[in-house]
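Numbering (the numbering used here), first residue to last: 5 to 147.
Hint data in this document are derived by calculation from the structure and do not stem from the laboratory. Built from N, CA and C at the ideal position, the CB exists for glycine as well. Accuracy of the hints is not assured; some may be wrong.
For each label pair, taking beta carbons as the anchor points, the in silico distance ranges come out as [what the hints assert, rightly or not]: (1) Trp94 <-> Gly50: 31 to 41 Å; (2) Asp112 <-> Ala21: 21 to 31 Å; (3) Ile48 <-> Thr85: 44 to 54 Å; (4) Trp136 <-> Ser79: 17 to 27 Å; (5) Thr135 <-> Ser79: 15 to 25 Å; (6) Val104 <-> Ala43: 18 to 28 Å.
For lysine to any residue, the following SDA-like pairs were computed, each having C-alpha atoms within a straight-line distance of at most 20 Å [unchecked claim]: (7) Lys97 <-> Ile48; (8) Lys97 <-> Thr85; (9) Lys97 <-> Phe120; (10) Lys97 <-> Leu108; (11) Lys97 <-> Thr86; (12) Lys97 <-> Val139; (13) Lys97 <-> Leu58; (14) Lys97 <-> Thr71; (15) Lys97 <-> Val87; (16) Lys97 <-> Thr78; (17) Lys97 <-> Val47; (18) Lys97 <-> Phe67; (19) Lys97 <-> Val75; (20) Lys97 <-> Ile127.
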Amino acid sequence: MSEKKVSPESQYDDQRAPLVRAARLGAAALTGTTFLFAALWGVIDGTPGVWGVLLGAVVGGGFLLMTVVSVLVTSGTSPSTTVAVVLGSWLLKLVVLLVVLFVLRDLDFYSRRALFAMIVVAIIAVIGSETWGIVRSRTTYVS
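Using the sequences provided together with the hints, build the complete structure.
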(Lines of atoms letter the chains of each structure in order from A and count residues from 1; the text may use other names and numbers.)
(Lines give C-alpha, C1' and ligand atoms only; values in the text may rest on other atoms or scores of the structure.)
Protein backbone atom coordinates (compact mmCIF):
# COMPACT_ATOMS: atom_id res chain seq x y z
CA MET A 1 0.00 0.00 0.00
CA SER A 2 1.19 3.46 -0.70
CA GLU A 3 1.25 6.05 2.01
CA LYS A 4 -0.45 9.30 1.40
CA LYS A 5 1.70 12.25 2.40
CA VAL A 6 -0.20 14.90 4.27
CA SER A 7 1.09 18.41 3.85
CA PRO A 8 1.08 20.56 6.97
CA GLU A 9 -0.30 23.38 4.88
CA SER A 10 -3.56 22.91 3.12
CA GLN A 11 -4.56 24.59 -0.11
CA TYR A 12 -7.07 26.46 2.03
CA ASP A 13 -4.32 28.13 4.10
CA ASP A 14 -3.09 30.35 1.26
CA GLN A 15 -4.58 33.74 2.06
CA ARG A 16 -3.45 35.14 -1.31
CA ALA A 17 -5.49 32.56 -3.24
CA PRO A 18 -8.72 34.60 -3.36
CA LEU A 19 -6.85 37.62 -4.73
CA VAL A 20 -4.98 35.54 -7.30
CA ARG A 21 -8.26 33.97 -8.37
CA ALA A 22 -9.92 37.40 -8.53
CA ALA A 23 -7.09 38.74 -10.70
CA ARG A 24 -7.26 35.72 -13.01
CA LEU A 25 -11.04 35.88 -13.41
CA GLY A 26 -10.98 39.67 -13.80
CA ALA A 27 -8.38 39.43 -16.57
CA ALA A 28 -10.38 36.70 -18.30
CA ALA A 29 -13.58 38.73 -18.11
CA LEU A 30 -11.80 41.81 -19.44
CA THR A 31 -10.28 39.84 -22.31
CA GLY A 32 -13.60 38.25 -23.24
CA THR A 33 -15.58 41.48 -23.14
CA THR A 34 -12.86 43.29 -25.08
CA PHE A 35 -12.96 40.77 -27.92
CA LEU A 36 -16.75 40.70 -27.94
CA PHE A 37 -17.14 44.48 -27.90
CA ALA A 38 -14.32 45.01 -30.43
CA ALA A 39 -16.21 42.81 -32.88
CA LEU A 40 -19.52 44.53 -32.10
CA TRP A 41 -18.19 48.09 -32.33
CA GLY A 42 -16.09 47.17 -35.35
CA VAL A 43 -19.35 46.43 -37.16
CA ILE A 44 -21.11 49.52 -35.78
CA ASP A 45 -18.38 52.17 -36.12
CA GLY A 46 -15.54 50.45 -37.95
CA THR A 47 -11.95 51.11 -36.91
CA PRO A 48 -12.81 54.04 -34.60
CA GLY A 49 -15.14 51.71 -32.71
CA VAL A 50 -12.38 49.16 -32.21
CA TRP A 51 -10.01 51.88 -30.97
CA GLY A 52 -12.68 53.12 -28.57
CA VAL A 53 -13.13 49.61 -27.19
CA LEU A 54 -9.39 49.09 -26.74
CA LEU A 55 -8.99 52.42 -24.95
CA GLY A 56 -12.04 51.68 -22.80
CA ALA A 57 -10.66 48.27 -21.84
CA VAL A 58 -7.38 49.80 -20.72
CA VAL A 59 -9.05 52.60 -18.78
CA GLY A 60 -11.98 50.65 -17.33
CA GLY A 61 -10.57 47.21 -16.70
CA GLY A 62 -6.86 47.85 -16.54
CA PHE A 63 -7.16 50.31 -13.72
CA LEU A 64 -9.27 47.90 -11.66
CA LEU A 65 -6.85 45.04 -12.22
CA MET A 66 -3.96 47.27 -11.16
CA THR A 67 -5.63 47.60 -7.74
CA VAL A 68 -5.71 43.83 -7.26
CA VAL A 69 -2.08 43.60 -8.36
CA SER A 70 -1.02 46.31 -5.89
CA VAL A 71 -2.76 44.44 -3.06
CA LEU A 72 -1.10 41.18 -4.13
CA VAL A 73 2.33 42.80 -4.29
CA THR A 74 1.98 44.19 -0.77
CA SER A 75 0.18 41.21 0.76
CA GLY A 76 3.26 40.18 2.73
CA THR A 77 3.75 43.60 4.28
CA SER A 78 2.04 45.40 7.12
CA PRO A 79 -1.55 46.60 6.70
CA SER A 80 -0.43 50.23 6.82
CA THR A 81 1.98 49.64 3.93
CA THR A 82 -0.75 47.95 1.92
CA VAL A 83 -3.15 50.83 2.55
CA ALA A 84 -0.48 53.38 1.61
CA VAL A 85 0.33 51.58 -1.64
CA VAL A 86 -3.33 51.08 -2.58
CA LEU A 87 -4.20 54.73 -1.88
CA GLY A 88 -1.06 55.93 -3.65
CA SER A 89 -1.85 53.79 -6.69
CA TRP A 90 -5.43 55.08 -6.65
CA LEU A 91 -4.17 58.66 -6.70
CA LEU A 92 -1.71 57.83 -9.48
CA LYS A 93 -4.47 56.16 -11.53
CA LEU A 94 -6.68 59.21 -11.08
CA VAL A 95 -3.93 61.51 -12.37
CA VAL A 96 -3.20 59.16 -15.29
CA LEU A 97 -6.93 59.00 -16.12
CA LEU A 98 -7.20 62.79 -16.20
CA VAL A 99 -4.10 63.07 -18.41
CA VAL A 100 -5.39 60.38 -20.79
CA LEU A 101 -8.80 62.00 -21.07
CA PHE A 102 -7.20 65.41 -21.57
CA VAL A 103 -4.99 64.06 -24.37
CA LEU A 104 -7.88 62.16 -26.02
CA ARG A 105 -10.23 65.14 -25.81
CA ASP A 106 -9.34 66.64 -29.21
CA LEU A 107 -8.47 63.42 -31.05
CA ASP A 108 -10.95 61.77 -33.37
CA PHE A 109 -9.42 58.39 -34.22
CA TYR A 110 -11.70 56.60 -31.74
CA SER A 111 -15.43 56.38 -31.12
CA ARG A 112 -16.47 58.17 -27.93
CA ARG A 113 -19.59 56.02 -27.70
CA ALA A 114 -17.52 52.83 -27.88
CA LEU A 115 -15.09 54.22 -25.30
CA PHE A 116 -17.89 55.02 -22.85
CA ALA A 117 -19.70 51.72 -23.42
CA MET A 118 -16.53 49.69 -22.96
CA ILE A 119 -15.52 51.52 -19.78
CA VAL A 120 -18.93 50.77 -18.25
CA VAL A 121 -18.95 47.14 -19.40
CA ALA A 122 -15.34 46.58 -18.35
CA ILE A 123 -15.99 47.94 -14.86
CA ILE A 124 -19.08 45.77 -14.42
CA ALA A 125 -17.40 42.65 -15.84
CA VAL A 126 -14.16 42.98 -13.89
CA ILE A 127 -15.79 43.89 -10.57
CA GLY A 128 -18.36 41.13 -10.99
CA SER A 129 -15.81 38.46 -11.85
CA GLU A 130 -13.42 39.55 -9.10
CA THR A 131 -16.24 39.44 -6.57
CA TRP A 132 -17.28 36.02 -7.82
CA GLY A 133 -13.69 34.80 -7.55
CA ILE A 134 -13.29 35.99 -3.98
CA VAL A 135 -16.70 34.79 -2.78
CA ARG A 136 -16.24 31.32 -4.29
CA SER A 137 -12.69 30.85 -2.94
CA ARG A 138 -12.16 28.43 -0.12
CA THR A 139 -9.87 29.68 2.59
CA THR A 140 -9.64 29.26 6.32
CA TYR A 141 -10.73 32.13 8.51
CA VAL A 142 -9.70 30.70 11.88
CA SER A 143 -6.44 28.89 12.52
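Taking the hints in turn, this is what the structure says about them:
no., hint, result
1, Trp94 <-> Gly50: 31 to 41 Å, "35 Å, holds"
2, Asp112 <-> Ala21: 21 to 31 Å, "45 Å, violated"
3, Ile48 <-> Thr85: 44 to 54 Å, "46 Å, holds"
4, Trp136 <-> Ser79: 17 to 27 Å, "20 Å, holds"
5, Thr135 <-> Ser79: 15 to 25 Å, "18 Å, holds"
6, Val104 <-> Ala43: 18 to 28 Å, "24 Å, holds"
7, Lys97 <-> Ile48, "30 Å, violated"
8, Lys97 <-> Thr85, "18 Å, holds"
9, Lys97 <-> Phe120, "18 Å, holds"
10, Lys97 <-> Leu108, "16 Å, holds"
11, Lys97 <-> Thr86, "16 Å, holds"
12, Lys97 <-> Val139, "26 Å, violated"
13, Lys97 <-> Leu58, "17 Å, holds"
14, Lys97 <-> Thr71, "9 Å, holds"
15, Lys97 <-> Val87, "15 Å, holds"
16, Lys97 <-> Thr78, "17 Å, holds"
17, Lys97 <-> Val47, "31 Å, violated"
18, Lys97 <-> Phe67, "7 Å, holds"
19, Lys97 <-> Val75, "15 Å, holds"
20, Lys97 <-> Ile127, "15 Å, holds"
Checked against the numbered hints given earlier, the structure breaks hints 2, 7, 12 and 17 and satisfies all the rest.
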